[in-house]
Each structure stands twice: as structure tokens, then as C-alpha cells.
Amino acid sequence: MKINKEKLIELLVEKTEMEKAEVESQLNELIKRITDAAERGKALEIKGFGLFYFDESGNLKFDPADELKTEVNFKYAGMKPVELKPPRDTSAANKEDEPVSDDDVFGIEDELIAEEEGKGEINFDEFDHGNIDDSDDENPFEALMDDDESEVEKKAEKEVKKAGTAPKASSKKKSAAKDPAKKASKKKKKSSSTSQKDPVMMVVFILLGVVVLAGGYFIINDNFSTPEQQGNAEMQIQQEEPPAVAEQDLTAVEPEAEDEVEELEPVEETTTEAPALPTYGLYGDIVESGNNGYTIVLHSLRSESHANEIAGELKDEGYRTMVTGRTVDGRTVYRVSVGQFPSIPESQAEAAELPAPYNEQNFIQRIRN
Amino acid sequence: MKSKFINAFKDVLREQILDKNTVHLDGLGQFEVVHKKQTQKKYENGRVAMIPPADVVEFKSEIRKADEDK
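Going down the list, the sequences are from chains A and B.
If you're matching positions, the first sequence starts at 1 in the working numbering and goes up one per residue.
If you're matching positions, the second sequence starts at 1 in the working numbering and goes up one per residue.
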């Protein structure tokens, strides 16, 4: 759908509740300001929207603000360039059989060297569509670009450059730099060697777990059993033979237990008190202050009643639910969304946790008041 | 210029752009969302990187710098 100036003025009148003539004059003034500023070689920025300026060739340019860029590119947010593996050369293949030296068992040294190399030629920032790096959900590239691997690839590439520009580097650096494929295979070897150690590690972890649990058990026992109870227990053991005394002991213990319950009750009350809903979250009721964030759209329907019906079902399941009307291609659609989140990455993280098919069929949108 | 108007201008344009609508302003230019397909990029050292797809805001200007027209 195309929005021309007339339509835009109508929308602005609706939004600002100002007179049409006033909106029109304000819009013309804004356009004039943008062009005047650009003519003077200055840029005019509309915060949260973008920057207008003249480029070297004299064309008016517009740089969208990061916020707008991210919102527009929400589908692909967090996707990074993936380096395609080059064909392996035989020299590298031969070196794969070399054992991993003892002085660099964890490959830390290689990584440190790579970090020291500085920037490679590929400017990865150039492809950073927004400031979202940790949101890989819904990412068609996900299978291809595991973060760790891409880091390794980047570092390997940097090392290649280092080898190319400084051939007299130390032999260690050279061997690390000759081929990223070798480095990758080294990593694999390391992982396989660690997998061989797994049974030993598992046993160690299990033992540690048992020790921790036992420690925890004793600590809990110490904290929750009063000295009186312990004394009673001792008396029980000592006086086990005369049943009458044992019964007395049991009755003596009962009030203690009750006391404990009484003591615990206030704590339970404080925890069960209905706490104020957090501003952001997936469950509960809509919080007004959370409406400056993002929400996960699960349905986009033409029928408002159907949208409300589905929203009701989702609400019954405990979700923060909202129905919003949007005009897309000239038609009004009603979007059913859940949750309120402060950022797109957090929304995406929660979206990935939703039950199927919502975990794959959703998109993030900014909440509009 | 009223800040109320600026805020409304920003919000309305952003909403329209996010709804994939093309916004054409006479005397300024046209805003639209363009989809960029994923591409392969070859570097001088022979390495090849796959650039992910992206939706970007594109602005087609209607005006040029006055001295450039002359």
C-alpha cells in the first residue's frame, strides 16, 4: 500500500488531533528544514527515526535509526555472515594427524594468538543489522553458524592474514595459521579426547554431587531440628524398651512439630502474597508500564471476534494476551500476541520456549499504545 | 515546530514502514522496506562468506543539492 502526502496528513491529524491545515504547514516546514539543513551541509536527525543528509554526489540520503533498522529487520535479527569452508589442501590434511601438544591442551594459546592478531579484512560490523547479537532464535542460519564455530572461523581467518603478511612469525603461529581447517580438526580432536575422558569425569561429578547432597542434607538437618527435638530423639533411643515412655516422647514431639509449622506459616504467607506483576513477562496480566516494549504475535486474523476468542483461550492458559488491529496492504488485521518484553532478543528467547507450533510460527512486534 | 507533531510524524512513519507500506512525500522522497536476498561475497584472499538476508529501509530521494543541479 502506498501512503502519499495526503494520506499521511490524514494519519497525522488522527494521531495529533491537530487541525489539518496546521499539520500540513508543520509537515511542509519539516520538509523544508530537512532540505535546508542538508543544503548547508548539515545533517538533520529525527531521534528514533533517522538521519537526513546530502551525500558526496549531492543526493539526499536517509540513514534509519538503529531502533528502526532493528524493528524492520526483526525476522533476520542477529544473523551474521557465515564463512563458507574453502577446499582443504593436502598439506593441511597431512598435518591433521599431528598429535596435540601437551603445552596447549585446551587450545587457549592459539585463541590468544588469534585475539592478538587484530582485525581481519572482513568487516563483520558492516553486516550487523542492529545491536542484537544473542538472539539466534528463528534463525535459518542457526544450523550453519553456531557461535563458537563462527568465532573459530573468524579467528582462523585472522590467523591466515597474519601468516600472509608476516611470514617470519613463530613456527607455532605459522602452524596455527596455515589452515583454519586444521584448527577446526584440532578442535575436533580435542573434543574427542575430552569425550574419552568423559566416563572418568562423570564418576568425579557423580561423587561430587553425592558429597554436595550429603552436605546439604546435614546442613538442613542441623538448621531445622531444634536441640529439644534432638534430645527427644535421644531419649527415644535410650528409653525404647518401656513403651509408655516412648509414647510420651512422641506426644512431646508433636507440639514441637506444630511450633515449626506455626513458625513457617508467616514465611509462606509472605511468599504466597500476590506480588506486584513484573513490568515484563510472558504470563499474568497486561502491565501498562510494559507497553513500551515488544510482544510475540501468534495469530494475525481478519476477524476481530475470532482474534478475541483465541486471545481468550491463550489468556486462560495464563499468558499476557493482547489483540491489536493493524492495517496491512489496506486491510485491517487483528494480531493476537502474548507477553511484554523490553527488547527483541528477550522476546525471541521467550518465543522459542513457546509450545509448538507457536515456537516456530510467530514474529515480534513493537507494542503500540 | 511542535514536538507533538515531530513525535507523531516519527510514530506514523515508523508504523507505516513496519507495515511494509511505501510512504511517498512530495518534495522529499519515498520510504519503503526492501528485502535483500542472501548473497555470497568473495574476498580478495579467496574466502567466501554468505551474507544473510535482510529487510532494510530504503529512501529514494526526490531532491538534489542545489549546486549539483547547475
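These are computed hints drawn from the structure, not numbers from a lab.
For clarity, every value in this text was computed on a predicted model and none was experimentally measured.
Each hint should be verified, as a subset may be incorrect.
To be verified - List of simulated lysine-lysine pairs, DSS-like, C-alpha gap at most 27 angstroms:
id: 1; chain 1: B; residue 1: K41; chain 2: A; residue 2: K47
id: 2; chain 1: B; residue 1: K60; chain 2: A; residue 2: K61
id: 3; chain 1: B; residue 1: K42; chain 2: A; residue 2: K2
id: 4; chain 1: A; residue 1: K7; chain 2: B; residue 2: K37
id: 5; chain 1: A; residue 1: K75; chain 2: A; residue 2: K85
id: 6; chain 1: A; residue 1: K32; chain 2: B; residue 2: K36
id: 7; chain 1: A; residue 1: K32; chain 2: B; residue 2: K60
id: 8; chain 1: A; residue 1: K7; chain 2: B; residue 2: K10
Claimed, not checked - A few chain A residues that face chain B, going by a derived Cβ cut-off under 7 angstroms, partial list only:
id: 9; residue: E6
id: 10; residue: K15
id: 11; residue: I31
id: 12; residue: F49
id: 13; residue: M79
id: 14; residue: M201
id: 15; residue: T332
id: 16; residue: S343
id: 17; residue: Y358
id: 18; residue: N359
To be verified - Stretch-level coverage of chain B by chain A, calculated; a stretch enters the list once three of its residues show a Cβ under 8 angstroms from a Cβ in chain A:
id: 19; stretch: 9 to 18
id: 20; stretch: 34 to 47
Backbone N, C-alpha and C fix where the C-beta goes; we use that ideal spot for every residue, glycine too.
Okay, the hints, checked on the actual structure:
At roughly 33 angstroms between alpha-carbon atoms, K41/B and K47/A are farther apart than 27 angstroms, so this suggested pair is violated. Between K60/B and K61/A, the direct Cα distance comes to roughly 8 angstroms. Compliance with the 27 angstroms bound is thereby established for this hinted pair. Our distance criterion of 27 angstroms between C-alpha atoms is broken by K42/B and K2/A, whose separation comes to about 37 angstroms. Note on K7/A and K37/B: the hinted pairing is violated, with a Cα-Cα distance of about 31 angstroms set against a maximum of 27 angstroms.
Restraint check for K75/A and K85/A: satisfied, since their Cα atoms lie roughly 26 angstroms apart, inside the 27 angstroms limit. At most 27 angstroms may separate the alpha-carbon atoms for a hinted pair to count; K32/A and K36/B exceed this at roughly 31 angstroms. Taken as a hint, the K32/A and K60/B pair is honoured in the structure, with Cα atoms around 17 angstroms apart against an allowance of 27 angstroms. For the proposed pair K7/A and K10/B, the alpha carbon gap of about 15 angstroms is at most 27 angstroms, so the pair holds.
Restraint check, E6/A versus chain B: the minimum CB separation of about 9 angstroms is more than 7 angstroms; hint violated. Hint status for K15/A: holds, given a least beta-carbon distance of 4 angstroms to chain B, under 7 angstroms. Checking I31/A against chain B by beta carbon gives a least distance of about 5 angstroms; that is within 7 angstroms, so the hint holds. At its closest, the beta carbon of F49/A sits 4 angstroms from a beta carbon of chain B; the interface hint therefore holds under the 7 angstroms criterion.
Below 7 angstroms, beta-carbon pairs count as interface contacts, and M79/A has one with chain B at about 4 angstroms; its hint therefore holds. Because the smallest distance between the Cβ of M201/A and any Cβ of chain B comes to about 36 angstroms, over 7 angstroms, the interface hint for this residue is violated. Hint status for T332/A relative to chain B: violated, with the closest Cβ pair at about 11 angstroms, above 7 angstroms. Violation of the interface hint for S343/A is found here, the shortest Cβ-Cβ separation to chain B being roughly 16 angstroms, above the 7 angstroms cut-off.
Using the Cβ-Cβ criterion of 7 angstroms, the hint placing Y358/A at the interface with chain B is not satisfied: the shortest such distance is roughly 21 angstroms. The closest approach between the C-beta of N359/A and any C-beta of chain B is roughly 21 angstroms, which is over the 7 angstroms cut-off, so the hint fails. Given a C-beta distance limit of less than 8 angstroms, the hint that chain A covers the stretch 9 to 18 of chain B holds, as 10 residues qualify and 3 suffice. Proximity of the stretch 34 to 47 of chain B to chain A, defined as three or more residues with a beta carbon under 8 angstroms from a beta carbon of that chain, is established by the 7 residues found.
In the structure shown, a violation is registered for the earlier hints numbered 1, 3, 4, 6, 9, 14, 15, 16, 17, 18, in ascending order.
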